[in-house]
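From just these sequences and the hints, can you work out the full model?
Protein sequence lines, in the order shown, are assigned to chains U and Z.
Here the first sequence stands for residues 1 to 114, numbered as in the working numbering.
Here the second sequence stands for residues 1 to 118, numbered as in the working numbering.
If you are wondering where the hints come from, they were derived from the structure by calculation, not from laboratory data.
Treat the hints with care, since some could be wrong.
[As the list claims (entries may be wrong)] Simulated coverage check for chain U against chain Z, where a stretch passes if three residues somewhere in it have a Cβ under 8 Å from a Cβ of chain Z: (1) 55-66; (2) 75-86.
[Stated by the list, open to error] Capping the alpha-carbon separation at 25 Å, the derived lysine-lysine pairs in BS3-like fashion look like this: (3) 69(U) <-> 49(U); (4) 71(Z) <-> 106(U); (5) 106(U) <-> 11(Z); (6) 69(U) <-> 106(U); (7) 71(Z) <-> 57(Z); (8) 106(U) <-> 49(U).
Keep in mind that this is a model prediction, so the values were computed, not measured.
Think of the CB as a built atom: it goes at the ideal place given N, C-alpha and C, for glycine as much as any other residue.
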Amino acid sequence: AQSVTQLDSQVPVFEEAPVELRCNYSSSVSVYLFWYVQYPNQGLQLLLKYLSGSTLVKGINGFEAEFNKSQTSFHLRKPSVHISDTAEYFCAVIPNSGYSTLTFGKGTMLLVSP
Amino acid sequence: DTGVSQNPRHKITKRGQNVTFRCDPISEHNRLYWYRQTLGQGPEFLTYFQNEAQLEKSRLLSDRFSAERPKGSFSTLEIQRTEQGDSAMYLCASSPGTSGGAAYNEQFFGPGTRLTVL
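This is the structure in structure tokens:
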């Protein structure tokens, strides 16, 4: 079984400041990792994913994440946030063996203020 | 629009009533998933289909819940005798998923159906 821990339920930040949203996972098998964003009353949109290769992954809207296998982490970063980045962010994992169930963390609410 | 669509977007019902939600996946996606998201939580897996076959059901899917994908295209999720604890956002996702490999695990989500049970 897999589990995902998002260490911060809420992260307040000022516009144009950098931000890091933390994600740690636990799994007995190799996994793929994802970050999704959810705007109010909407579904989930994929920000970025790590499947293999370079551990630094770049996604949409200027976000990036780094996979650290030894620390079982996949933290999300953005060097300069905008008001429009205010949303809920979910980290998720899925075994790379073919079993298709995503396991999500509880989410981190990013609150960007002027 | 070629994304995943869900109807209705919102449903308010009284406790004890039956409700049915519909999900239309991305065309030619073989796998279809249902998740439930309660307030302050991440989505939790309910069930998934490979074409018309229901391959996995979570223990969260009580006997009041039933899902179908009769022709391997759209899917319905029915909740019988709704309870206030069923109030949640129900998310549908689809993926190509015909065989193993990284690309086939990527799931695309619909906008969700928000259920409120009074």
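In ascending order, which of the hints set out earlier in this document are inconsistent with the structure? Violated: hints 1, 2, 4.
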